[in-house]
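Protein chains in written order, with UniProt numbering: chain A, 1 to 314; chain B, 1 to 314.
Hint data in this document are derived by calculation from the structure and do not stem from the laboratory.
Check the hints yourself; a few may be wrong.
Identical copies go unnamed one by one, so any copy, or any two together, can satisfy a pair.
[Said to hold, decoys possible] Listed below are the simulated DSS-like cross-link pairs for lysine-lysine, each with C-alpha atoms no more than 27 Å apart in a straight line:
1) Lys173 to Lys130
2) Lys183 to Lys221
3) Lys198 to Lys173
4) Lys98 to Lys173
5) Lys198 to Lys130
6) Lys130 to Lys248
All figures in this text were calculated on a predicted structure; none of them were measured in a lab.
Letter by letter, the chains look like this.
Number of protein chains: 2
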Amino acid sequence: MATLKVPAAVPAVADDCEQLRKAFEGWGTNEELIISILGHRDAAQRRAIRRAYAETYGQELLRSITDEISGDFERAVILWTLDPAERDAVLANEAARKWQPGNRVLVEIACARSSAQLFAVRQAYHDRFKHSLEEDVAAHATGDFRKLLVPLVTAYRYEGQEVNTRLAHSEAKILHEKIHHKKYSDDEIIRILTTRSKAQLLATFNYYNDEYGHRINKDLKGDPKDEFLQTLRAVIRCFTCPERYLEKVARQAIAGLGTDENALTRVITTRAEVDLKLIAEAYQKRNSVPLERAVAGDTSGDYERLLLALLGQE
Amino acid sequence: MATLKVPAAVPAVADDCEQLRKAFEGWGTNEELIISILGHRDAAQRRAIRRAYAETYGQELLRSITDEISGDFERAVILWTLDPAERDAVLANEAARKWQPGNRVLVEIACARSSAQLFAVRQAYHDRFKHSLEEDVAAHATGDFRKLLVPLVTAYRYEGQEVNTRLAHSEAKILHEKIHHKKYSDDEIIRILTTRSKAQLLATFNYYNDEYGHRINKDLKGDPKDEFLQTLRAVIRCFTCPERYLEKVARQAIAGLGTDENALTRVITTRAEVDLKLIAEAYQKRNSVPLERAVAGDTSGDYERLLLALLGQE
Numbered sequence: 001m002a003t004l005k006v007p008a009a010v011p012a013v014a015d016d017c018e019q020l021r022k023a024f025e026g027w028g029t030n031e032e033l034i035i036s037i038l039g040h041r042d043a044a045q046r047r048a049i050r051r052a053y054a055e056t057y058g059q060e061l062l063r064s065i066t067d068e069i070s071g072d073f074e075r076a077v078i079l080w081t082l083d084p085a086e087r088d089a090v091l092a093n094e095a096a097r098k099w100q101p102g103n104r105v106l107v108e109i110a111c112a113r114s115s116a117q118l119f120a121v122r123q124a125y126h127d128r129f130k131h132s133l134e135e136d137v138a139a140h141a142t143g144d145f146r147k148l149l150v151p152l153v154t155a156y157r158y159e160g161q162e163v164n165t166r167l168a169h170s171e172a173k174i175l176h177e178k179i180h181h182k183k184y185s186d187d188e189i190i191r192i193l194t195t196r197s198k199a200q201l202l203a204t205f206n207y208y209n210d211e212y213g214h215r216i217n218k219d220l221k222g223d224p225k226d227e228f229l230q231t232l233r234a235v236i237r238c239f240t241c242p243e244r245y246l247e248k249v250a251r252q253a254i255a256g257l258g259t260d261e262n263a264l265t266r267v268i269t270t271r272a273e274v275d276l277k278l279i280a281e282a283y284q285k286r287n288s289v290p291l292e293r294a295v296a297g298d299t300s301g302d303y304e305r306l307l308l309a310l311l312g313q314e
Numbered sequence: 001m002a003t004l005k006v007p008a009a010v011p012a013v014a015d016d017c018e019q020l021r022k023a024f025e026g027w028g029t030n031e032e033l034i035i036s037i038l039g040h041r042d043a044a045q046r047r048a049i050r051r052a053y054a055e056t057y058g059q060e061l062l063r064s065i066t067d068e069i070s071g072d073f074e075r076a077v078i079l080w081t082l083d084p085a086e087r088d089a090v091l092a093n094e095a096a097r098k099w100q101p102g103n104r105v106l107v108e109i110a111c112a113r114s115s116a117q118l119f120a121v122r123q124a125y126h127d128r129f130k131h132s133l134e135e136d137v138a139a140h141a142t143g144d145f146r147k148l149l150v151p152l153v154t155a156y157r158y159e160g161q162e163v164n165t166r167l168a169h170s171e172a173k174i175l176h177e178k179i180h181h182k183k184y185s186d187d188e189i190i191r192i193l194t195t196r197s198k199a200q201l202l203a204t205f206n207y208y209n210d211e212y213g214h215r216i217n218k219d220l221k222g223d224p225k226d227e228f229l230q231t232l233r234a235v236i237r238c239f240t241c242p243e244r245y246l247e248k249v250a251r252q253a254i255a256g257l258g259t260d261e262n263a264l265t266r267v268i269t270t271r272a273e274v275d276l277k278l279i280a281e282a283y284q285k286r287n288s289v290p291l292e293r294a295v296a297g298d299t300s301g302d303y304e305r306l307l308l309a310l311l312g313q314e
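Chain A with its partners taken away, still in its complex shape (with noise of 0.2 Å):
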């Protein structure tokens, strides 16, 4: 459910590479070009456009982009570039070192990605930084949140479909029980949300709301300026309904008066190869509006464009 659009016939990367060398050469940047190309190439292309391109030219690519352009054009084009993993070791880089109660972009990554994918993205905070993810998190994050997310950031779940029954109800009975008594950050709901596999994880919740007549992220609406709350229920949506929790970050990017241009396009970007259409209509059912008519409304220019080329418009 991808937005992202390839042409049938890909230049061949040699000719991609000198295209890009052209959009940077001379006065000006070629931003157009650099869309054209760049804005529609999946990630196995891309990675050898930038290997190519370094062989060629003696300069990284990302190098080369961060010379020509700046601000969010910039800082997209160069997210969109990156190899998945590097990209999500990127974004949960920043949110560690600059770890906040209200950042929720590592249960993003944690929680919406494949147990696969975020070993890979931990693979790619050892190569880049020179770091293990978990020691960042865990050196900057405090209290319940580090002791939430140091384990939602190490998981390695369990993917396959089985599901034991009986373990669903008394773990949903343990979560019902710390809920009622207001222990949000107890042990046990934290050992069950960050170990469990997702599946098991869905028969809980499912047999909870049978059994106690709520679904649980209701039962975990409190204050709503608990963060920590917040961070839970996240963590319960990007299982249970990734695409609607992404929705959701659009939506509050876009809403109001100015735009949160650091989540709009981490939404695209790390979107756009895996499932931005279901994200799309979801907007769209919720909005009333597409939305790409929405970010085409609250963005400009050369930024604009790129996003707009993510999200699938010819």
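For this one, chain A is given, so just place chain B on it according to the hints.
Then chain B, alone, in the frame of chain A:
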């Protein structure tokens, strides 16, 4: 520094399979033939034999072994024949399911393996047990042990040699302060031990020693019956001197009346292809007896013969 002896001219895989099949067939089992083959093949060769055996005879090699032999010999042959990651997954699963405070197998697997090896164990655990390792550890271990063991088994430590000296100083100070106040399970102690790279931890422990005049493990010697303290010391020893730690495991397995066959089998099967020569040297130095002779004195029969083969005896 392996002890395993593989012949210069290894028979074809098909021949090994045929010989093994012969060893299982007819009245009685030819244990010596089993040892002469499997006890002298490396992990890749054993893997090839398992694959070819299953294809040729329509039965898993491990199943044929289990049908024919028993007891300590069976357990040793099975563990040895498994791939290293699979073997560790089996050992970790036993340790998690029957978890008790005195069991330090999980520490050994989490701390005396490389980051990539530990991750391979987690992958093998999925395949074999349809669960994640951390989920089983978290479900069985309790209290402070859970708080320590879950991050230990989920760590993917950075393995570069870079050391941040300032950090080593500040974290040595934190460790000293917490230990001084007997806060052995403090979040900060656990954070440091479970997330920092081994190179960084060695620098921290060295600085601790220089600054406070004692090795950290000396300061962690309290009540000898305190299993948590012993576990912390095991963690640190697995980082600082794994072969001396494992020498001690072997020594305690052999010492006194009776033998701890599980521990002895574990040390020999997990290290024969790694560093068993170093462990044997440490043993000889510490006990003034060669490890081979001590093993021969404490075991018997085919079990003894397999262990001695893995110890490199001609």
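Hint check results:
Taking the shortest Cα distances, Lys173 and Lys130 sit within 27 Å of each other only across copies (23 Å), while inside one copy they are farther apart (42 Å). For a Cα distance limit of 27 Å, the shortest separation of Lys183 from Lys221 inside one copy, 13 Å, qualifies, whereas the shortest one across copies, 35 Å, does not. Within a single copy, Lys198 and Lys173 get their C-alpha atoms as close as 18 Å, which meets the 27 Å cut-off; across copies the closest is 40 Å, which misses it. In this assembly of identical chains, the alpha carbons of Lys98 and Lys173 lie at most 27 Å apart only when taken from different copies (24 Å versus 36 Å within one copy).
Taking CA atoms no more than 27 Å apart as the test, Lys198 paired with Lys130 passes between copies only; the shortest distance there is 13 Å, against 30 Å inside one copy. Taking the shortest alpha-carbon separations for Lys130 and Lys248, neither the intra-copy value of 33 Å nor the inter-copy value of 33 Å comes in at or below 27 Å.
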